[in-house]
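Q: Chain residues, written in single-letter form:
There are 6 protein chains.
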Amino acid sequence: MEMDKRYEAGLQAMEELFSPEVRTGMEGMKKISPDLWEMIVSFGYGDLYSRNTLSHAQREVITLTTLITQGAFDQLRVHLQAALNVGLSKEEIIELIIHCAGYVGFPKAVQAMGIAGGVFKEMEVTR
Amino acid sequence: MEMDKRYEAGLQAMEELFSPEVRTGMEGMKKISPDLWEMIVSFGYGDLYSRNTLSHAQREVITLTTLITQGAFDQLRVHLQAALNVGLSKEEIIELIIHCAGYVGFPKAVQAMGIAGGVFKEMEVTR
Amino acid sequence: MEMDKRYEAGLQAMEELFSPEVRTGMEGMKKISPDLWEMIVSFGYGDLYSRNTLSHAQREVITLTTLITQGAFDQLRVHLQAALNVGLSKEEIIELIIHCAGYVGFPKAVQAMGIAGGVFKEMEVTR
Amino acid sequence: MEMDKRYEAGLQAMEELFSPEVRTGMEGMKKISPDLWEMIVSFGYGDLYSRNTLSHAQREVITLTTLITQGAFDQLRVHLQAALNVGLSKEEIIELIIHCAGYVGFPKAVQAMGIAGGVFKEMEVTR
Amino acid sequence: MEMDKRYEAGLQAMEELFSPEVRTGMEGMKKISPDLWEMIVSFGYGDLYSRNTLSHAQREVITLTTLITQGAFDQLRVHLQAALNVGLSKEEIIELIIHCAGYVGFPKAVQAMGIAGGVFKEMEVTR
Amino acid sequence: MEMDKRYEAGLQAMEELFSPEVRTGMEGMKKISPDLWEMIVSFGYGDLYSRNTLSHAQREVITLTTLITQGAFDQLRVHLQAALNVGLSKEEIIELIIHCAGYVGFPKAVQAMGIAGGVFKEMEVTR
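Residue numbers (the working numbering), protein chains in the order written: chain A, 1 to 127; chain B, 1 to 127; chain C, 1 to 127; chain D, 1 to 127; chain E, 1 to 127; chain F, 1 to 127.
Think of the hints as simulated: they come from the structure by calculation, not from any bench. A portion of the hints provided could be inaccurate.
No distinction is drawn between identical chains; accordingly, a pair holds when it is met within one copy or between any pair of copies.
[Said to hold, decoys possible] Derived DSS-like pairs: lysine-lysine, alpha-carbon spacing no greater than 27 Å straight-line:
{"hint": "1", "residue 1": "Lys-121", "residue 2": "Lys-30"}
{"hint": "2", "residue 1": "Lys-90", "residue 2": "Lys-121"}
{"hint": "3", "residue 1": "Lys-90", "residue 2": "Lys-30"}
{"hint": "4", "residue 1": "Lys-90", "residue 2": "Lys-31"}
{"hint": "5", "residue 1": "Lys-121", "residue 2": "Lys-31"}
{"hint": "6", "residue 1": "Lys-5", "residue 2": "Lys-30"}
{"hint": "7", "residue 1": "Lys-121", "residue 2": "Lys-5"}
Next up, chain A with everything else stripped away, as it sits in the complex:
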């Protein structure tokens, strides 16, 4: 895939995952490092999220799990929103965090659930 196509595929994946507000926030990276921005779009979303075999929802299961495991709670919020946007239910996300408790320990699971509770409230998720 040529660069332009990779970048365009990345932008499209980001549109499917994130709200316009989130994407505008992410674009702040352009000013600090246009090169890292280009890699995020072309590699992160163009090369990875645009691939087949796994759906966006399945990819967000992986993304949420790795963020919780590595304690990357600042990035968790936007990916919780993305997970809901691409069709994961509130119940599935809660279940994912509970499953993680046994694998990463309760401290990280509890912190993740607190953040999820905030996101559910903001997005008025009642599913």
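We have chain A already, so just place chains B, C, D, E and F on it with the hints.
A: Same frame as chain A, now just chains B, C, D, E and F:
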């Protein structure tokens, strides 16, 4: 759920996930610490894997991801086998590892893929 | 141990460890995920803290160490309070953090000591 | 090297790395734990930064990388300032973070770049 | 404390913790990096283990916990031996690992327990 | 940069970093996952190592540091060889590991130094 029911539910989940050989190996824990063994079965497999909302296949996606992220490669082998046993395809597992590369970095993804390659060969997975 | 007994044992352990204010804060989890709350109480405090062989004070030494090592600083504050509540002295906690410096590196030790300083001040610990 | 010499060597290294404001902030540790403060100065800066073979700039490359990898973002800010103080350029720091993306994954790289952007702005770094 | 005293204090602490065989193995470091060896002895064992407030047994509780949490299983073996040497019982070590399961997740706890089982067998610990 | 150019740039960077034997070993990935192989070459070595601003030697300083910090010791060996191939001296590598001791703790530093000692011996590095 009473203790006995939790333990029995755990044993049943383990039967669905692991081959008899793997389960026999795991039972070595009984001799070192019967209490930890009891918790693995009752909590790990009884409380977690026996819950609803997520299928065994979805749970193995979470488990594989957290093991790769935390570098727990000794446990990865049996859960790769379990993932195949509960219906994940070779392609989905490879795709999961590729997705992880962007989130945990290439060193852990490369190590995971090497281990997966070995498991696929042993189990003669050609799907 | 039956479920009700595990849950009750957990509540009792939590009463010995945490102030009423802290416990009220923790109960916020009930609204987000009653199931995770149940596991925290029954497994985390009922199955683990209520066991014999190690005292509550010894268990908090383990808990503080693992939280510092994994960088779970959001959970550190309440367990520093719990450690003081179950009889660890300010000097022992400071010593624990200093010992950790050699094993997890100075960045996490320094951050932990800063948080401990704040907790000591709030609780007016002069021991 | 005797204690006093180690401590003095540490103070001198800290003077080369950090602004007076940052050093005053760091000295808050003296009140919480004079012993940890002594180790930070004598071991961290006296034994490590005062050694030969690697320049201060090369040492900050190592320090920034390990802080990003372990997610120690609270300590990252002062070492980004130190890195600029001892001669690393804005471009080199950005490049370091981009290189890390492939080795620790994008979530930590993105968070580090956001913090770096803030530090560059505060210090009006235009190099 | 002067250098020579720090080094001597470190050697004495190591004698209390480790068997002659283990210490001979550790001294292999002298050939690769005499400077790191000096720091291990003077800082690791001289500055840290030789301090007061916590006993050697309490320090090994901290050390075992941090090694399990960070997955440093290669170092775990010698510190399990040290823990037994300075008076921790087999039961206390098993209990420590079980407590960790809730805080770091089952994969690392299971791996640690397997290693502990091997050490207990080698040292014929039946306490 | 188009795909072919990214891939070719990656292959060239790998030639500068690794011996033919190491590269042949790495190519085993082609059979397990041609797609991950393509990303390793095009993104890891094409996009990252082929950029300007930092030399190969500076990049290996970053790579060694992040591998030691995350405990990725299986990957450390080939990058220690690469570091020597692109001009880092034995002394600089030893110094890097010593610096890391203060930031990641002694257990990982000691393990890294042991591996480095083996690599130095194999490559008969006497610099």
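Q: Does each hint hold? Answer for all of them.
A: Hints, verified against the model:
no.	hint	in the structure
1	Lys-121 / Lys-30	between (30 Å within a copy, 15 Å between copies)
2	Lys-90 / Lys-121	within (11 Å within a copy, 38 Å between copies)
3	Lys-90 / Lys-30	between (32 Å within a copy, 15 Å between copies)
4	Lys-90 / Lys-31	between (35 Å within a copy, 13 Å between copies)
5	Lys-121 / Lys-31	between (32 Å within a copy, 11 Å between copies)
6	Lys-5 / Lys-30	both (19 Å within a copy, 24 Å between copies)
7	Lys-121 / Lys-5	neither (37 Å within a copy, 33 Å between copies)
Checked against the numbered hints given earlier, this structure breaks only hint 7.
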